[in-house]
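Trainee: Two chains, two frames, a set of hints: combine them into the complex.
As they're listed, the protein sequences go chains A and B.
The first sequence: position 230 = 230 (this note's numbering), numbered continuously.
Position in the second sequence (from 1) plus 1000 gives the number in this note's numbering.
Among the hints, a few may not be true.
[As the list claims (entries may be wrong)] Every beta carbon over 12 Å from chain B, so not counted as near; a handful from chain A, in silico:
| no. | residue |
| --- | --- |
| 1 | Gly65 |
| 2 | Ala85 |
| 3 | Asp148 |
| 4 | Glu225 |
[What the hints assert, rightly or not] Label-pair restraints from in silico Cβ distances:
| no. | chain 1 | residue 1 | chain 2 | residue 2 | range |
| --- | --- | --- | --- | --- | --- |
| 5 | B | Gly1055 | A | Ile254 | 34 to 44 Å |
| 6 | A | Asp262 | B | Lys1002 | 42 to 52 Å |
| 7 | B | Arg1156 | A | Pro55 | 47 to 57 Å |
| 8 | A | Arg41 | B | Thr1080 | 47 to 57 Å |
[What the hints assert, rightly or not] The following residues of chain B were derived to be distant from chain A, with all beta-carbon distances above 12 Å:
| no. | residue |
| --- | --- |
| 9 | Ala1065 |
| 10 | Gln1100 |
| 11 | Asn1134 |
Hints in this document: simulated from the structure, not taken from any laboratory.
All residues carry an ideal CB built from backbone N, CA and C; glycine is no exception.
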Amino acid sequence: MIRCEYHCPRALGEALGLKAAVPGARVIAGGTDLMVRLRSRELAPAALISLRRIPELAGVREEQGGARIGAATTFTDLLDDPVVARDYPVLARAAARVGSRQIRNAGTVGGNLANASPCADSALPLLALGARVRLERSGGSRELPLDDFFLGPGATALAEDEILTAVILPPPDIGARALFLKKGRVKMDLAVASVAVLLSMDGPVCRKVRVAAGSVGPVPLRLREVEALLEGAAPTPERTARAAEVAMRCVAPITDVRSTADYRRHIVGVYLRRALESLLGREAA
Amino acid sequence: MKREISFRVNGAEATAVAGGGDRLIDVLREGLGLTGTKEGCGEGECGACTVIVDGRAVNACLYPAAEIDGREVTTVEGLTGPDSTLGPIQRAFVECGAVQCGFCTPGMIMSTKALLDGNPDPSDEEVRDALLGNLCRCTGYVQIVEAVRRAAVAGRDR
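The following block holds chain B by itself, in its conformation from the complex (with noise of 0.2 Å):
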């Protein structure tokens, strides 16, 4: 029933063990220890999960742990620097007060990740847009839409 993958996480070769309805969410957490990527509603709703597969955000709870094999895989642990320092992304998050209780925070950034990747220089209407599908419960929303534009700066003055 159940074969084994091979696939990158954040850089690194990766297996696992998947089978039909397994999902990507438990190879991350169970599989790999690699607990940043948290799991909400488990229905793609609230976009705690997510994660970046060959350049796109998706939900980590809808996707199915066997079609990852061969693809690359991006969670917030990709994205500190050396040594566990913050990257651009998470450090705007932190100076821009936009982490409260931190739930979501993790899909917050790796959705802020994905629109970054494609667009430097997004207008609010457009970080509104890419963050539709990550709710926060805190609604701390101000200061996470602040916190993306200052990460957009900090990524176009490298």
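Here chain A stands alone, though its shape is the one from the complex (with noise of 0.2 Å):
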């Protein structure tokens, strides 16, 4: 086990002060990822820096028409939070996917996301949402749309003094559905792959398509190509079928431990034309 100085400050300025200040500190929220990362010896970071205890990076909170969540919510806060269950209930429902009930309690979104694995639960559905990222350095802040905060497995934007604060979510967009699907060999496994589905219908046409796949490339992807086939036009089944057609040749899955790159490019393809028909009222997911 690593040695080093572990930092908990209690508001958010400290925090960003601390990064700055110490090169090479990590930060640490839940620590589900972290902890067996630093007892295998695969990171050793100079210091950590906890923001379990910064008050405003903890919960979720409507703003601008949206909300806010802070960085260090819990997948068990997020569940049971009502702005969630009333505007983005696709978010939930990936965040009742995520690992066990212990993992949820500890695990956070900011976590997941910073993480930047390809098969993070909460990324596909915060990408199909429009989900941007808050990034804090002392003295400064930006944001960026979540599409460009994942750079490859482990690599996100993230500046050395930067620290992921928030995932801003836009108004709930009136009349869109959601879906979120995943397959993993049991329940509480990590996702062998996984696909985010938003729609939005005007009359006989599809107004507005999100899609995201997880576990199919080096980072969560957004499939345009595929929204952009369905946008405009009428999601006929021949459609939806070409759709899963493009779905599957857009993503770059690997075969590991996990699965093949076969099944789970198979996988992309069954669960998008299982997302659509059933937002579509055709048939149950």
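Mentor: Here it is, written out as structure tokens:
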């Protein structure tokens, strides 16, 4: 086990000051991923900066018609939150599929994103919902679309002196519905593959479609080609089948201990079609 | 590098010295001699190390020790009655034959305690969901779910 300082700042300014002052320090929130990697000595940070006791980073609040989710909000808090339940139920559905009760009680949304795993359960619905992330440093902050935050497995747009402080959700799209489907070997597993779809209809045609897929590329992916194929068109069974084919072509899965590339590709096609048919009321997901 | 922390374990004041990377499970087992809490996988998969921190079940193998400063921890030792008599959940596990090798049992019992504290009358599905993060290698899940149901009834009758 590594030996380093463990800081428990009580205010965000203090945490940002520490992040700037201590090169090589790592931010820790729930620790569900980091503690394992510290113990295996895969990581040896100069110091750990905990986000657990910073009130402004915990919980969800309504902001400018949308919502602001503090980066240190646990999955359990997300599941219990009335704003999420009312305006972004797909996010609650994904939170419910994260690990076990114990993991959801500790693990946070910010940690799930900053960890930048291609299988991050919260990333998929957040991509479909058009979420942005707020990155803060001592004396400044910026916001990025979540699409631009992920750079590769474990790599994000966070600079050395920055901390991911919040996820910003736009006002809920009236009339839009969304679904998250995850394939795991057993329920608490990491995703073999996952799909999130947001769909809003304008009469017989799709007004807005957002599609994200997990565990099938170096980062959680937005499938823009699939979105473009469906938007402005009537989602006939032929077109949703075509969308599934395009989705299978767009993703870039690998074979690893959890599954094969072929099976992951197959699941993306099946789940995309299932999600669309279910959102269209044609068959159950 | 290390600093002194103070917290409550099973209702009693406790102190420990903890630094970055130190884990709650080591403070409990090595520091305080509370060896009821087991370490199985050490990666948050098996749940043998489940304890309750401020009302919520967590994996003690993933919980930074420095983080318990000022918090309230409950371990399986905290569920026994006076003179080390078994508490109602422990008794239900024994009566239902929900203990085989016993290694997963403290974690199972702590997950059950956290569940029943928040939901005194859970459905079988809620029980299974609450225990999803607790693996029993002897595969005694049917008896374990039965034990949780019995403990729930015992708790409501009290």
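Trainee: Could you check the structure against the hints above and give me the numbers of any it violates, in ascending order?
Mentor: 7, 8, 9, 11
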